[in-house]
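Chemist: Quick mapping for you: the protein sequence lines, in order, are chains A and B. According to the working numbering, the first sequence holds residues 1 to 138 in order. According to the working numbering, the second sequence holds residues 1 to 138 in order.
Please keep in mind that the hints were generated in silico from the structure rather than gathered at the bench. Misleading hints may appear alongside valid ones.
[To be verified] One-sided excerpt, in silico: chain B residues whose CB lies under 8 Å from chain A:
hint, residue
1, F11
2, L33
3, T34
4, V41
5, I43
6, I64
7, G87
8, A93
9, P94
10, A115
11, N116
Everything numeric in this text was worked out from a predicted model, so none of it was measured. The beta carbon of each residue, even a glycine, is placed where N, CA and C say it ideally should be.
Protein chains: 2
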Amino acid sequence: METAVPKISDFPTGEENTAYAQYFSGKSWLAPLTANKDLNVPINNVTFEPGSRNNWHSHTGGQILIAVGGAGYYQERGKKARRIESGDIVEIAPNVEHWHGAAPDSWFSHIAITANPQTNENQWLEPVSDEQYAEAVK
Amino acid sequence: METAVPKISDFPTGEENTAYAQYFSGKSWLAPLTANKDLNVPINNVTFEPGSRNNWHSHTGGQILIAVGGAGYYQERGKKARRIESGDIVEIAPNVEHWHGAAPDSWFSHIAITANPQTNENQWLEPVSDEQYAEAVK
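So that you can see chain A by itself, here it is in the shape it has in the complex:
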């Protein structure tokens, strides 16, 4: 059964993100927004269904998130989660363990920019448990 994705931003939603599903709890959608590799700024719009989030992970090159629709959360290991909505920016430093995803009761879209793509590698860790998620968003 296909999930109907509501329109929550002016950016495209793309296709269901099956390639990364193994690193997510819940469904997500991915829309590549750029193509020119000379620019070294890969940009995708990522959309999460309510309650969906990615596993704890880190990027050797870092990452930038630009929230563009709905409501979500961002949390770094050992810190309080931060609620993010359209217009909010998250700068994720290299090698910082973190997760991001939708609020329990809202779809969420953020533009994701891969920093230092020439050398970046992602390290995927364990899922954000239901208990960790409930604590983060309460």
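Start from chain A and add chain B according to the hints.
Modeler: For chain B alone, coordinates are given in the frame of chain A:
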């Protein structure tokens, strides 16, 4: 007299962009959105008053624009201008001469990402004349 900037996106407007005024026809505002230099992805929100546009220019590293509010135009030398609105992305290849700015009857905001900032240099050229602008937006 200060110009009142209307709210056309969820992103901050920042201060009037006096440092670059010499390269603009009309007023603009600049809001830095990122600070972590390790990420090598400098991002600013640029807001143009109606009719305002920057000079013809190019970037040795290229640039990416993400339209977030209002309506504007982007034109590369020798090509037809492209109208851009919230949700549109413009990938500007290195060394391509171009300009961008607001529509004659609309404020416009785009997020601007400096590509390859480690080596990027901007080359500023002549203003977009009233005749060139009128032709571009008609």
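Chemist: Checked against the structure, which of the hints given earlier come out wrong?
Modeler: Those not satisfied: there are none.
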